[in-house]
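Asker: Dock chain P against the given chain W, drawing on the hints supplied.
Chain order of the listed sequences is W and P.
Here the first sequence stands for residues 1 to 202, where the numbers follow the working numbering.
Here the second sequence stands for residues 1 to 202, where the numbers follow the working numbering.
What the hints contain is simulated information worked out from the structure, not anything from laboratory work.
Glycine is no exception: its CB is placed at the ideal position from the N, C-alpha and C atoms.
Do not rely on the hints blindly, as some may be mistaken.
Said to hold, decoys possible - Restraint ranges, calculated between C-beta atoms of paired labels, are given here: (1) W:Gly180 - P:Ala126: 53 to 61 Å; (2) W:Pro37 - P:Arg169: 32 to 40 Å; (3) P:Glu68 - W:Gly99: 56 to 64 Å; (4) W:Arg193 - P:Gly99: 41 to 49 Å.
Stated by the list, open to error - Far from chain P by the CB rule (all over 12 Å, computed), these chain W residues: (5) Ile60; (6) Asp130; (7) Tyr158; (8) Glu167; (9) Arg172; (10) Tyr185.
Unchecked claim - Restricting the straight-line Cα-Cα distance to at most 27 Å, the calculated cross-link-like pairs of lysine-lysine (DSS-like) are: (11) P:Lys28 - W:Lys56; (12) P:Lys56 - W:Lys24; (13) W:Lys56 - W:Lys90; (14) P:Lys90 - W:Lys24; (15) W:Lys28 - P:Lys133; (16) P:Lys90 - P:Lys56; (17) P:Lys24 - W:Lys56; (18) P:Lys28 - W:Lys28; (19) P:Lys28 - W:Lys90; (20) P:Lys28 - W:Lys24; (21) W:Lys164 - W:Lys133; (22) P:Lys24 - W:Lys90; (23) W:Lys133 - W:Lys77; (24) P:Lys77 - P:Lys56; (25) W:Lys28 - P:Lys24; (26) P:Lys90 - P:Lys77; (27) P:Lys77 - P:Lys133; (28) W:Lys90 - W:Lys77; (29) P:Lys133 - P:Lys164; (30) W:Lys28 - P:Lys90; (31) W:Lys56 - W:Lys133; (32) P:Lys133 - P:Lys56; (33) W:Lys56 - W:Lys77; (34) W:Lys24 - P:Lys24.
Number of protein chains: 2
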Amino acid sequence: MTEYLLPLEQMIEQLGSLPGVGRKTAAKYAFHLLELPQEELEQFCTTLLDGKRRIKTCRICNNLCEGEVCSICADPKRVNGQICVVEDVKTLMAMERAGSFRGEYHVLGGALSPIDGIGPDQIDVAGLMDRIKTGPQPVLEVIVATNPTVEGETTALYITRLLKDSEIRVTRLACGIPVGADLEYADEVTLMRALEGRQSLK
Amino acid sequence: MTEYLLPLEQMIEQLGSLPGVGRKTAAKYAFHLLELPQEELEQFCTTLLDGKRRIKTCRICNNLCEGEVCSICADPKRVNGQICVVEDVKTLMAMERAGSFRGEYHVLGGALSPIDGIGPDQIDVAGLMDRIKTGPQPVLEVIVATNPTVEGETTALYITRLLKDSEIRVTRLACGIPVGADLEYADEVTLMRALEGRQSLK
Chain W
1 MTEYLLPLEQ MIEQLGSLPG VGRKTAAKYA FHLLELPQEE LEQFCTTLLD
51 GKRRIKTCRI CNNLCEGEVC SICADPKRVN GQICVVEDVK TLMAMERAGS
101 FRGEYHVLGG ALSPIDGIGP DQIDVAGLMD RIKTGPQPVL EVIVATNPTV
151 EGETTALYIT RLLKDSEIRV TRLACGIPVG ADLEYADEVT LMRALEGRQS
201 LK
Chain P
1 MTEYLLPLEQ MIEQLGSLPG VGRKTAAKYA FHLLELPQEE LEQFCTTLLD
51 GKRRIKTCRI CNNLCEGEVC SICADPKRVN GQICVVEDVK TLMAMERAGS
101 FRGEYHVLGG ALSPIDGIGP DQIDVAGLMD RIKTGPQPVL EVIVATNPTV
151 EGETTALYIT RLLKDSEIRV TRLACGIPVG ADLEYADEVT LMRALEGRQS
201 LK
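Isolated chain W (complex conformation) (with noise of 0.2 Å):
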């Protein structure tokens, strides 16, 4: 391992930091931000700086956003009576992506996992609870989209069991082979799970 100087170790080491970036991709990071002009530098730190600033969570549904609320749950065509609910803002938008789906979410913050000492209480489900029970229009179906993992089975079960007394329609997303896909390559679990989930043709 190269012995760099001081304070380049430390930019290193805070690059490293990053999702998925090793020593050598911190590196090659660090050289190239010190090679800026130093004005360039600052913008780089005072972007990001302001951004954290800027970007806060809606407080009905923990999207992020600018104001008080996200621009889906400001948007009055956004009710239709649908809330789908998700782990991450990172799958709210992919949702928004696919384009298909016209009701409004619930950023729950994780999924359950009881060994990493992720209850109920550590994602926003009681957020959505509430939301369900004093919310201005009613909810007639829970979609709820967290992972096919483990911990988005718990979390969908949980949710599933919280609901079970009510009118609200509870669905989860279907399991399957991803769309171009060769079924030659598919795992046997989403094999399994795609024939269970088989639809008719006629």
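Answerer: Below, chain P alone, put in the same frame as chain W:
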């Protein structure tokens, strides 16, 4: 392309300016930084700015240093009449990692590239010539360790020409097959150069 909130877009744009970082990776970094506690993001930025402020270039060889002169130039044991000329500090560090060179360095800060408008005045050839002419110790050999690219070769030729009337030996790193590589996959030019530079075994 997903449209993010403006401050987030700006963060992504800045992070996307890091070498080899595309929009998707930049978004991943931005979300990570956004999720950091305020003080950790501040520490991240402070470390980058501090590094930039504290790291200077050696007034003798242009290596990175914290004071006036880098640790190599300040080390009397490194004076052996050899100067290894490199394009950038990263190459210097790679040479130091290899560990067999015991002389001094000179960092040019680039290589000649007329197409990109980089002539002899844009890289520190003048500093090198100055050291050779007026340095405290006589220089016996200049090892030109510029990259085996068109620009690097041009630079090597240029330096050779500048020194052609002096007594100084000018050498170039050997080109050939990288150790551990498979000859089958070596490109033609490398194979040709390896053949030209073949060494006698007996």
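Asker: Any hints this thing doesn't respect? Which numbers, in order?
Answerer: The structure breaks hints 4, 15; every other hint is satisfied.
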